[in-house]
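Q: Generate coordinates for the entire structure from the input sequences, incorporating the hints supplied.
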Amino acid sequence: MPAQPPAPESEANEPEGRRPDTADEAWERFVAECESPAGSAPREPSARARMVTERLRRADGEAARRQRTRRWGRKRQPEPWQPEGWRTGPAWQEMEGGRRARGGRPGRAGMALGAGVTALALLYALDPALVRSWLPGGAGGTGPDAPLPAETAAPTTGPEEEFLPDHPTVERPFAGSPAKRWARGADAIEVPETTAVGGVPAAEIRAALERTKRFLVASNLDRDVLYGAEPAEALALLDPLMGKSVDRIRKSLDKPTEKDDPTWLFTRFDRDEVRLAGETVKVRGRMEVTENDQGVPRIRADYTFVYPLVRAAGGEDVARAVVRRVLDVDVLHGPRWKHTEGTLWMYGHNADIANDTCDEHDGFIHPQFVADRHAGPATGPERDPYDRSRPVEEWTGKGECLTASRT
Numbered sequence: 002m003p004a005q006p007p008a009p010e011s012e013a014n015e016p017e018g019r020r021p022d023t024a025d026e027a028w029e030r031f032v033a034e035c036e037s038p039a040g041s042a043p044r045e046p047s048a049r050a051r052m053v054t055e056r057l058r059r060a061d062g063e064a065a066r067r068q069r070t071r072r073w074g075r076k077r078q079p080e081p082w083q084p085e086g087w088r089t090g091p092a093w094q095e096m097e098g099g100r101r102a103r104g105g106r107p108g109r110a111g112m113a114l115g116a117g118v119t120a121l122a123l124l125y126a127l128d129p130a131l132v133r134s135w136l137p138g139g140a141g142g143t144g145p146d147a148p149l150p151a152e153t154a155a156p157t158t159g160p161e162e163e164f165l166p167d168h169p170t171v172e173r174p175f176a177g178s179p180a181k182r183w184a185r186g187a188d189a190i191e192v193p194e195t196t197a198v199g200g201v202p203a204a205e206i207r208a209a210l211e212r213t214k215r216f217l218v219a220s221n222l223d224r225d226v227l228y229g230a231e232p233a234e235a236l237a238l239l240d241p242l243m244g245k246s247v248d249r250i251r252k253s254l255d256k257p258t259e260k261d262d263p264t265w266l267f268t269r270f271d272r273d274e275v276r277l278a279g280e281t282v283k284v285r286g287r288m289e290v291t292e293n294d295q296g297v298p299r300i301r302a303d304y305t306f307v308y309p310l311v312r313a314a315g316g317e318d319v320a321r322a323v324v325r326r327v328l329d330v331d332v333l334h335g336p337r338w339k340h341t342e343g344t345l346w347m348y349g350h351n352a353d354i355a356n357d358t359c360d361e362h363d364g365f366i367h368p369q370f371v372a373d374r375h376a377g378p379a380t381g382p383e384r385d386p387y388d389r390s391r392p393v394e395e396w397t398g399k400g401e402c403l404t405a406s407r408t
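Each step along the sequence shown adds one to the number in this note's numbering, with nothing skipped, and position 13 is 14.
Hints were generated in silico from the structure; no laboratory data involved.
Cβ coordinates follow ideal geometry from the N, Cα and C atoms, glycine included.
Among the hints, a few may not be true.
[As the list claims (entries may be wrong)] No more than 35 Å apart at the CA atoms, straight line, and that leaves these computed lysine-lysine pairs for DSBU-like:
| hint | residue 1 | residue 2 |
| --- | --- | --- |
| 1 | K252 | K339 |
| 2 | K260 | K245 |
| 3 | K252 | K214 |
| 4 | K245 | K181 |
| 5 | K181 | K260 |
| 6 | K339 | K256 |
| 7 | K214 | K256 |
| 8 | K245 | K256 |
| 9 | K245 | K214 |
| 10 | K339 | K245 |
| 11 | K214 | K339 |
[Said to hold, decoys possible] What follows is a list of derived Cβ distance ranges for each label pair:
| hint | residue 1 | residue 2 | range |
| --- | --- | --- | --- |
| 12 | E383 | R224 | 19 to 25 Å |
| 13 | Y348 | G200 | 15 to 21 Å |
| 14 | D273 | A197 | 46 to 52 Å |
| 15 | P166 | V247 | 40 to 46 Å |
| 16 | A237 | D373 | 33 to 39 Å |
A: In structure tokens form, the structure reads like this:
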């Protein structure tokens, strides 16, 4: 059987100073070995062998001339001519993209790939959620970056804290925050399906839910209100028959004090200090309807708002304020209760505000940036403002400034 020609690039495996046999030399040696008996001395090739050798030499020269029109990245030896139907395995595998790698030490690409796999495995051991988030669609739409479905009931636990959370930037203001998976703006406040409760028709329950949503949007998402304007639309939704309660709310806006602070009901920032980083406020929560002790339908709206902020004077630092609000609204119906149709009867409200100074009561939320928090760290018990599994009432501090574990 004739010997195969060397595979491409096989010259690199030859010892220095030695060249691979040419086709002529290999054929002449083959013919000589075939005509010589075992153990005998080499003999001159026969006339027929010399004729075949000369024919092959001419064919090789013609093959070399035909290959001069090809372009390659480097010089190569001309491919020796082969009879039709005779393929050399290594050369054919290379043309088909199937060349095998040589043994020995891995090349640079292989070493880099191995190092990358090792680093990825180590990172997955430390923070599997982070690695899964790099998969397309957040691991099939269920990874840590995939949007969360709407909240329909109180969660059983708070969201996990990332091992090495990203820092927020102007381009990515929700980086490192569970809010990156939350819905945005008014669309996040969904009106649930309604049924009749306490003898009040479902249509009236739904209308009250819609008004509650409007109040939340006007109090916490209206851009003018966020920058300190009077929440006129929200105030107009309150039933004037609430009497002193409405008067007290208005007073808190005109003359805020520690006792009467409008930020417990409205989100307001000092426009001379901060501005929103972008156009998006992330929101998560739910509205539920139950029946109170008097048989009156009561709406409980429990929502958390996350505001990314930058300094009004400029800069790239981003701070986040996390505000959780709970409103209890009674749906009064019929002549039994004195009320104004088309308004809200607010039974009560509560709030938690994370990343705010505890000693200013001027009617604004004053978020702290990284440098501010280092200068005056909080000293109270630590709480996670993203933990919606606990009722807001459990977190009401008594004269102490709680510490937010993250914002």
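Q: If a hint holds in the structure, say so; if it doesn't, say that too.
A: Evaluation of the provided hints:
1. With a C-alpha separation of about 24 Å, the suggested pair K252 and K339 falls inside the 35 Å cut-off, and the hint holds.
2. Among the hinted pairs, K260 with K245 is consistent with the structure: their alpha-carbon atoms are about 15 Å apart, no more than 35 Å.
3. In summary, the hint linking K252 to K214 is supported, as the alpha carbons are separated by about 24 Å, within the 35 Å threshold.
4. Our distance criterion of 35 Å between C-alpha atoms is broken by K245 and K181, whose separation comes to about 40 Å.
5. Proximity of K181 to K260 is assessed by CA-CA distance (about 34 Å); at most 35 Å being required, the pair is judged to hold.
6. Note on K339 and K256: the hinted pairing holds, with a Cα-Cα distance of about 30 Å set against a maximum of 35 Å.
7. With a CA separation close to 27 Å, the supplied pair K214 and K256 stays within the 35 Å bound.
8. Restraint check for K245 and K256: the C-alpha separation of about 16 Å stays at or below 35 Å, so the hint holds.
9. The suggested pairing of K245 with K214 holds, with an alpha-carbon distance near 23 Å, which does not exceed 35 Å.
10. Between K339 and K245, the direct Cα distance comes to roughly 15 Å. Compliance with the 35 Å bound is thereby established for this hinted pair.
11. Taking the CA atoms of K214 and K339, the gap is about 23 Å. The hint holds against a cut of 35 Å.
12. For the pair E383 and R224, the supplied restraint of 19 to 25 Å is violated, since their beta-carbon distance comes to about 32 Å.
13. The supplied range of 15 to 21 Å is met by Y348 and G200, whose beta-carbon atoms lie about 18 Å from each other.
14. A hinted range of 46 to 52 Å holds for the C-beta pair D273 and A197, which are about 50 Å apart.
15. Between P166 and V247 the CB atoms are about 42 Å apart, so this pair conforms to the stated range of 40 to 46 Å.
16. Under the hint 33 to 39 Å, the C-beta atoms of A237 and D373, about 36 Å apart, fit the expected range.
When held up to the earlier numbered hints, the structure conflicts with 4 and 12 and fits the remainder.
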